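Given chain B, work out where chain Y should sit, using these hints.
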Amino acid sequence: MTAPRLLITAWPHLAERDSTPRIMWTVNVSLIPVIVAAIYYFGPSAVLVIVAALAGCLATEWLFGSRETLFDGSAVITGLLLGLCLPAGLPMWMAFVGGAFAIGFGKLIFGGLGQNIFNPALLGRAFLQAAFPVALTTWPVIRENWWALRGDNLALPLMSPGEVDVLTSATPLGLMKFEQQSTELGKLMIGATGGSLGETAGILILLCGAYLAWRNYLNWRIPISIFLTVAALATLTHWLNPAFPGALFMLFSGGLMLGAVYMATDMVTSPVTNRGCWLYGVGIGVLVVVIRLWGGLAEGVMYAILLMNAMVPFINRATQPRVFGTRAAVKVTE
Amino acid sequence: MSKTSPQQDFFRGIWRENPVLIQMLGLCPALAVSNTLENSLVMGIATFFVLTGSSLLVSIVKKAVPGEVRISTYILIIATFVTVADMTLEALVPDIHKALGAFVALIVVNCMILGRQEAFASKNPVGRSLLDAFGTGFGFIIAMVMMGSIREILGTGALLGMKVIPGPFEPWVIFILPPGGFLTLGFWLLLFGWIEKRRVERARVREWPHGVGAREEAA
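Protein sequence lines correspond, in order, to chains B and Y.
If you read the first sequence in the working numbering, its first letter stands for residue 2, the second for the next number, and so on.
If you read the second sequence in the working numbering, its first letter stands for residue 25, the second for the next number, and so on.
Isolated chain B (complex conformation) (with noise of 0.2 Å):
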């Protein structure tokens, strides 16, 4: 079954631009800041993760997916994305591990890109959080020493990561949810606190959001409907309560940004119609919001995207557009 070196159909022909793997590479580069800002903060370490991620996703492409769809950039966008929600100290087998679930099991056995229901990054983060507790919640901090590892990445395979000298602390939101302490502002949006490898420069994230927006490689309506229902619901459980934080935090704070610019806008896994679109980042800000004030996990975003993945179906099928022309015929009176 190749397909004919010349098809020939009737015009008029439109030459497209944009292809699969050009969307793919556009977003992988569009990635390189917020990689090398996670390299800036985390060092050596954060290379190994990503690195690992990206093997571990590459090599179970390889070895099960088909050979064409190994270069087309899809596999290296999950590779990249799960490195960068990890945290810097994890040993590079558990990665590995997490890269080669969130193809598998994420895109693979659902067919192939295109054809997955969740998010294979997240799936592969998720699969980690449930099989490896608390490597992946272990958030070692900024320190002076940028050549230092920031935990045993270079742990045996399937062997418990040893004791490393390394400062641990929460994360932002962990501070506030459980030691109810505040992390400043600046701080925050430059990423200069704990946490994942990608979820710590929200300013950098954000420019490189806008910039494939301005492709159009991604629907502007997602991360935005994101922001403004976490935004508005901050503000009125901070009025409420003033124990909770407030708009600014909760933005900047955790995976948020991360989160609504590249995963939940994923072509795939991410509604077709525009009023979906609205639907859908509302609900993950709902729940990123019910999760990260009542739930029992200091941070919600891979949840709340998730689930929201899961409801996709259904929201694609009630905010069909209706055809033109076919308005329901008005009832006549008898």
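If you are wondering where the hints come from, they were derived from the structure by calculation, not from laboratory data.
Note that the structure is a prediction, hence the values are computed from the model and not measured.
Mixed in with the good hints there might be a few duds.
Unchecked claim - Residues from chain B that keep clear of chain Y, each with C-beta distances beyond 10 Å, as calculated:
hint, residue
1, Ala16
2, Arg23
3, Ala299
4, Thr327
Stated by the list, open to error - DEER-style ranges, computed between Cβ atoms:
hint, chain 1, residue 1, chain 2, residue 2, range
5, Y, Gly91, B, Pro158, 54 to 62 Å
6, Y, Thr28, B, Asn317, 48 to 56 Å
7, Y, Ile69, B, Ala244, 49 to 57 Å
8, B, Arg276, Y, Leu183, 51 to 59 Å
Unchecked claim - Which chain Y residues stay away from chain B? Per the calculated CB distances, all over 10 Å, these:
hint, residue
9, Lys87
10, Leu113
11, Ile174
In this text, a Cβ means the ideal position worked out from N, Cα and C, and glycines have one as well.
Chain Y only, in chain B's frame:
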């Protein structure tokens, strides 16, 4: 009465019609209590006992049971054996009995057992019914052991409480939690689906070496 040979009656339940892996019956205990090999084995043996006992009894009384009330009769017979199994387990292995919890009592509603009564024991002579129950019961034990060993090794690094992976093994907590049951079952079903697909494809190649329906062109 039956058109199959005794060997087929026995081996069918183990491989071709394995209750868990092929027919996907009795998934509830296979998912819920397979977190360690010990629990899986005890559960498998208890189910095996109930299945054999009720198959034997159902096959004996099959002529006497009116068709309208046969299902409730089977359930009563099964429930009798489940009560025996429940009390025996409580007396012999109280710890495991506690770990299995309600799932011992729930063997009553294991559709694999009721299915064997309705589909086989109620229509076949005693010997055949016993053979069928042995086969299906062994198939269930095998499936439980497959689930339990994977989950215990990955979830705790040990097998039957003995360490099998040397060094400071990092347990994959997810495998002793409920999601791990679904994942493990998924793994096995994937593997068996793949084997079955390959078998069918090979058979087709033997039958139609040049592709399905391609005999004319090839000749």
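Here is what the structure says about each hint:
1. Ala16: Holds: least Cβ distance 38 Å, greater than 10 Å.
2. Arg23: holds, 33 Å
3. Ala299: Consistent with the label, B:Ala299 stays out of reach of chain Y, its closest Cβ about 19 Å off (over 10 Å).
4. Thr327: holds, 43 Å
5. Y:Gly91 with B:Pro158: 54 to 62 Å: Cβ of Y:Gly91 to Cβ of B:Pro158: about 60 Å, so the range 54 to 62 Å holds.
6. Y:Thr28 with B:Asn317: 48 to 56 Å: Since the Cβ atoms of Y:Thr28 and B:Asn317 sit about 49 Å apart, the hinted range of 48 to 56 Å holds.
7. Y:Ile69 with B:Ala244: 49 to 57 Å: holds, 55 Å
8. B:Arg276 with Y:Leu183: 51 to 59 Å: holds, 54 Å
9. Lys87: Label holds. Min Cβ-Cβ 49 Å, cutoff 10 Å.
10. Leu113: Nearest chain B Cβ is 31 Å from Y:Leu113, so the label holds.
11. Ile174: holds, 14 Å
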